[in-house]
Amino acid sequence: MAPAIITENLTRTFGALTAVEGVNLSVDGGQFFGFLGPNGAGKSTTIKMLTGLLAPTSGRIELLGLDFAKDPIEAKRQIGVVPEGLALFDRLTGSEYLNFVGRMYGLDKATAQQRSADLLNFMDLADRTKTLITDYSHGMKKKLALAAAVIHGPKILFLDEPFEGVDAIAAGTLKSMLQHMTSRGVTIFLTSHVLEIVERLCTHVAIIHKGRIVAQGSLDELRAGVAANAAAAVGAAPGEKLTLEQIFLAVVGGEGTMRKSEEELAWLR
Amino acid sequence: MAAVGGPPGLLEQVWLVGRVRWLMTRRTTYRTVAGATAGVVFRVIGFAGTAIVAAVFGLLAYLAITDEKRGGLLAIYWGMFALWQLAPFRAIQLRGSFDSTPLLRFPMRFSTLCALNLAFGLGDPSAIAGVARHLAVMIAIIIARPDAWRAAVLVTPLSIVMNLFCSQMLNTWLERLLAQRKTREIALALFALLAIGLQFSRFIAAQVRGPATAFFQRTYLFWTILPPGEAGASLNDALSGHIGAGLRAAGSLALYSGAFAGLLIWRLQKQFRGEYLGETAAALPVRETLPLQITKSREVALPRNVHAVMPEKLAVTSGIFVKELKYLRRNSMALMNLFRPLILVVFIAFSWRQPSFRDFGVANRFAFPEGLAFVLVIVTAQLCLNSLAYDGSGVQLLLMAPIDFREVMLGKNLYHAVVIGIEIALVLAIVWLLLGPPGPLIISATILGAVFESVVLMTFGNWRSLKQPRALQFGTVRAAGKAVRTQKPSAATRFMGLGIIFGSIALLAAIAAVANWISGGWSVLAAYFVLDLVAFSVYRTMLAATSQLAMANRDELLGQLAR
Chain A
5 MAPAIITENL TRTFGALTAV EGVNLSVDGG QFFGFLGPNG AGKSTTIKML
55 TGLLAPTSGR IELLGLDFAK DPIEAKRQIG VVPEGLALFD RLTGSEYLNF
105 VGRMYGLDKA TAQQRSADLL NFMDLADRTK TLITDYSHGM KKKLALAAAV
155 IHGPKILFLD EPFEGVDAIA AGTLKSMLQH MTSRGVTIFL TSHVLEIVER
205 LCTHVAIIHK GRIVAQGSLD ELRAGVAANA AAAVGAAPGE KLTLEQIFLA
255 VVGGEGTMRK SEEELAWLR
Chain B
172 MAAVGGPPGL LEQVWLVGRV RWLMTRRTTY RTVAGATAGV VFRVIGFAGT
222 AIVAAVFGLL AYLAITDEKR GGLLAIYWGM FALWQLAPFR AIQLRGSFDS
272 TPLLRFPMRF STLCALNLAF GLGDPSAIAG VARHLAVMIA IIIARPDAWR
322 AAVLVTPLSI VMNLFCSQML NTWLERLLAQ RKTREIALAL FALLAIGLQF
372 SRFIAAQVRG PATAFFQRTY LFWTILPPGE AGASLNDALS GHIGAGLRAA
422 GSLALYSGAF AGLLIWRLQK QFRGEYLGET AAALPVRETL PLQITKSREV
472 ALPRNVHAVM PEKLAVTSGI FVKELKYLRR NSMALMNLFR PLILVVFIAF
522 SWRQPSFRDF GVANRFAFPE GLAFVLVIVT AQLCLNSLAY DGSGVQLLLM
572 APIDFREVML GKNLYHAVVI GIEIALVLAI VWLLLGPPGP LIISATILGA
622 VFESVVLMTF GNWRSLKQPR ALQFGTVRAA GKAVRTQKPS AATRFMGLGI
672 IFGSIALLAA IAAVANWISG GWSVLAAYFV LDLVAFSVYR TMLAATSQLA
722 MANRDELLGQ LAR
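Residue numbers (my numbering), protein chains in the order written: chain A, 5 to 273; chain B, 172 to 734.
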């Protein structure tokens, strides 16, 4: 399948700080793609650049064959986003917000209303008709943001920590919804600190560390790479199937940090 | 597990929390040299102001005793009480009170929480000022009547303690009441009305002085049996040689203090047990789980991809317009601020009703432009200079959606125009009702002038809203996470905005004077019409550049609004 997301030498600096440097990504259409990295590695900066919230200092972004810099509006029509700050208008009700977003993405009034109702029902938010978003719980806000991201039927979905604060039942519903979307050809680009979720959902993963991509490929490819080079360093037995957490720690060097902290905080025992 | 010592003592905990509070204040106030300088100046002025007010109270007490005015001391203690107790209400508006809830996770005794509450209550600037006023009055009493020193020394600490318990009790109860967003917004609206009332206290006092005096004289006894009245009455009795009555009044004052302390402790106990005052619990009652409903919801078809439609231009603009109207309806503070200036127009109209103006027939001619200019200065500045303020993190959506940002600003400006139109109609209605019709020439010229001023400010405001946005929270008057003085637009925007508003009004006035002098009143209309066309043309050009400006300022917009 043709790549849905391509970045070439994507770089972003903030004054003297280089947050993202020379990132080259290639994500095929219909892929469930996990984008991982430690805190401050450059994940959110990369997502912001991919969704038009932040201008790259240099480099190129292509979404579904569209150059983001040349045709941003057409590119934005193809994507749905659940950003870090959720992008909610908190003095609207959930239904008003979804209608508003639908209209912003070009849906006619009737379609926007129909889809809002469907999505609110799907997300189990339908009975909060008069509740303002500001009075929603964090999990409800997350679900609403996800509903807003899919209302126009995007071909690429960017999700920044979508399951944080969402209860297990809702998370299960959302996961099956997202998997259903990928089976219909939608590309999902997901960041999460919960590696078990990424391991269960994603077929491909990229790991960013200190602003640079340090690993990229399918989970099996990453497993093979780590098994050949650093399995012992993460305490894996020969032939053992590595978890994503072990792969992640091997790639970003978390093992040394763990041991060091245990030694330094011996008084905790 | 390593051994952990017992919790620190009461004084140590008060000291630790006090230090944290000081650090927080210092790092908010003294982050820049300008901030530090302003902080020092502010404190010096505050100290001087406190000393002057205390001295005035002392002088009044001295005069009340030497002139033997029995009601004088009563009024003084009521005045001191009112000033002290206004502080909790001021804290509602500025959200300046110290929240002790986060401290509850520490191993803290209930007595420590009580001590902290009282310590911070006493450390509050309003309490320090209150104590200063009490001490000044005590000294004045002793100077005026040295023989009454025992009464003064007894009543002063009793009154201070009563005021302290009362203000802390009000604080904790207000916190409870205002935990809900709606209650908070209603309280803010009432507070704003009170503030307007205070602005016109002289005018109101002139109207109601006679009946009010008669009312207070008739209800004198009632005012003496309430806490501040008891303080004044106790001193009055002591000064008259009625020691027994004085002691009885002082005892009543102590009882009131005990009652306030009881109510305070009751609330603090609830806090100590982990009372939750958030809004979500009230807004979202626990519901029964309905498995069937969940199954049904999962069966709902998800939207299929639809990429054939581009957002219609009107859809974006009208969407933003409707959203702005909904936001206004749900923001009592903004609503109040928009219609508050109309009250001032009523006062302006009243001031033009004097016979000297009416005889010359100028009242209805000048009141409309004057009133409208006054309203526009306040309203356009408030609407246009920081028009993304309440969008918060929603601005991300506006930047991510496949839309031209120009349409967003157009929707906002349309909303501004509707509000300004309503204001113009209301000002005209007020002037018409109170002074008579201003005449077609004055009405047309004033409206054309208002259009010019509004379009100029929208043009400037669109630029500044994108260039230097500032987040505002609903139900407060301060910027999110910022100190009070940085509220609303940035200082530079406010300064430039005011310059533009006054410049526009001065230009309109100059054109009116010149055109009127050269060829009579109707030529003013032609001149204003040309001015409007020029303003619209500049507005259109600037609006076309809005999208580019928004994209270029994404960092600033997200950094300020979507934090």
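Source of the hints: derived by calculation from the structure; they are not laboratory data. Since the structure is predicted, the reported quantities are computational estimates derived from the model, not experimental observations. Worth double-checking, as some hints may not be accurate.
With a Cα cut of at most 27 Å, we get these calculated DSS-like pairs of lysine-lysine [to be verified]:
{"id": "1", "chain 1": "A", "residue 1": "159", "chain 2": "A", "residue 2": "179"}
{"id": "2", "chain 1": "A", "residue 1": "145", "chain 2": "B", "residue 2": "240"}
{"id": "3", "chain 1": "B", "residue 1": "638", "chain 2": "B", "residue 2": "497"}
{"id": "4", "chain 1": "A", "residue 1": "74", "chain 2": "B", "residue 2": "638"}
{"id": "5", "chain 1": "A", "residue 1": "74", "chain 2": "A", "residue 2": "134"}
{"id": "6", "chain 1": "A", "residue 1": "145", "chain 2": "A", "residue 2": "179"}
{"id": "7", "chain 1": "A", "residue 1": "74", "chain 2": "A", "residue 2": "145"}
{"id": "8", "chain 1": "A", "residue 1": "159", "chain 2": "A", "residue 2": "145"}
{"id": "9", "chain 1": "A", "residue 1": "134", "chain 2": "A", "residue 2": "159"}
{"id": "10", "chain 1": "A", "residue 1": "134", "chain 2": "A", "residue 2": "145"}
{"id": "11", "chain 1": "A", "residue 1": "113", "chain 2": "B", "residue 2": "497"}
{"id": "12", "chain 1": "A", "residue 1": "134", "chain 2": "B", "residue 2": "497"}
With the C-beta cut set under 8 Å, the calculated list includes, among others, these residues of chain A facing chain B [stated by the list, open to error]:
{"id": "13", "residue": "42"}
{"id": "14", "residue": "55"}
{"id": "15", "residue": "57"}
{"id": "16", "residue": "85"}
{"id": "17", "residue": "89"}
{"id": "18", "residue": "94"}
{"id": "19", "residue": "104"}
{"id": "20", "residue": "200"}
C-beta: ideal position from N, C-alpha, C; glycine also.
Results of checking the hints against the structure:
Distance check on the hinted pair: residue 159 of chain A and residue 179 of chain A sit about 17 Å apart at the alpha-carbon level, within 27 Å; holds. Between residue 145 of chain A and residue 240 of chain B, the direct Cα distance comes to roughly 64 Å. Violation of the 27 Å bound is thereby established for this hinted pair. The suggested pairing of residue 638 of chain B with residue 497 of chain B holds, with an alpha-carbon distance near 25 Å, which does not exceed 27 Å. At roughly 23 Å between alpha-carbon atoms, residue 74 of chain A and residue 638 of chain B fall within 27 Å of each other, so this suggested pair holds.
Distance hint between residue 74 of chain A and residue 134 of chain A is unfulfilled; the C-alpha atoms sit about 41 Å from each other, more than 27 Å. As the CA atoms of residue 145 of chain A and residue 179 of chain A are separated by approximately 17 Å, the hinted pair is consistent with the 27 Å bound. About 33 Å separates the Cα atoms of residue 74 of chain A and residue 145 of chain A, which puts this hinted pair outside 27 Å; it is violated. Taken as a hint, the residue 159 of chain A and residue 145 of chain A pair is honoured in the structure, with Cα atoms around 23 Å apart against an allowance of 27 Å.
Note on residue 134 of chain A and residue 159 of chain A: the hinted pairing is violated, with a Cα-Cα distance of about 31 Å set against a maximum of 27 Å. Restraint check for residue 134 of chain A and residue 145 of chain A: satisfied, since their Cα atoms lie roughly 15 Å apart, inside the 27 Å limit. For the suggested pair residue 113 of chain A and residue 497 of chain B, the alpha carbons sit about 18 Å apart, so the restraint of at most 27 Å is met. The suggested pairing of residue 134 of chain A with residue 497 of chain B holds, with an alpha-carbon distance near 13 Å, which does not exceed 27 Å.
At about 22 Å, the closest approach between the beta carbon of residue 42 of chain A and any beta carbon in chain B exceeds 8 Å, and the interface hint on this residue is violated. Here the hint on residue 55 of chain A is kept, as its CB sits about 5 Å from the closest CB of chain B, short of 8 Å. Interface restraint check: residue 57 of chain A against chain B, minimum CB-CB distance 6 Å, threshold 8 Å, status holds. With a cut of 8 Å, the hint placing residue 85 of chain A at the interface with chain B holds, because the nearest CB-to-CB distance is about 5 Å.
The beta carbon of residue 89 of chain A comes within 4 Å of a beta carbon in chain B, closer than 8 Å, and the hint placing it at the interface holds. Hint status for residue 94 of chain A: holds, given a least beta-carbon distance of 6 Å to chain B, under 8 Å. Interface restraint check: residue 104 of chain A against chain B, minimum CB-CB distance 5 Å, threshold 8 Å, status holds. Among the interface hints, the one on residue 200 of chain A is violated; its C-beta lies about 23 Å from the nearest C-beta in chain B, farther than the 8 Å criterion.
This entry does not satisfy hints 2, 5, 7, 9, 13, 20, going by the numbered hints stated previously.
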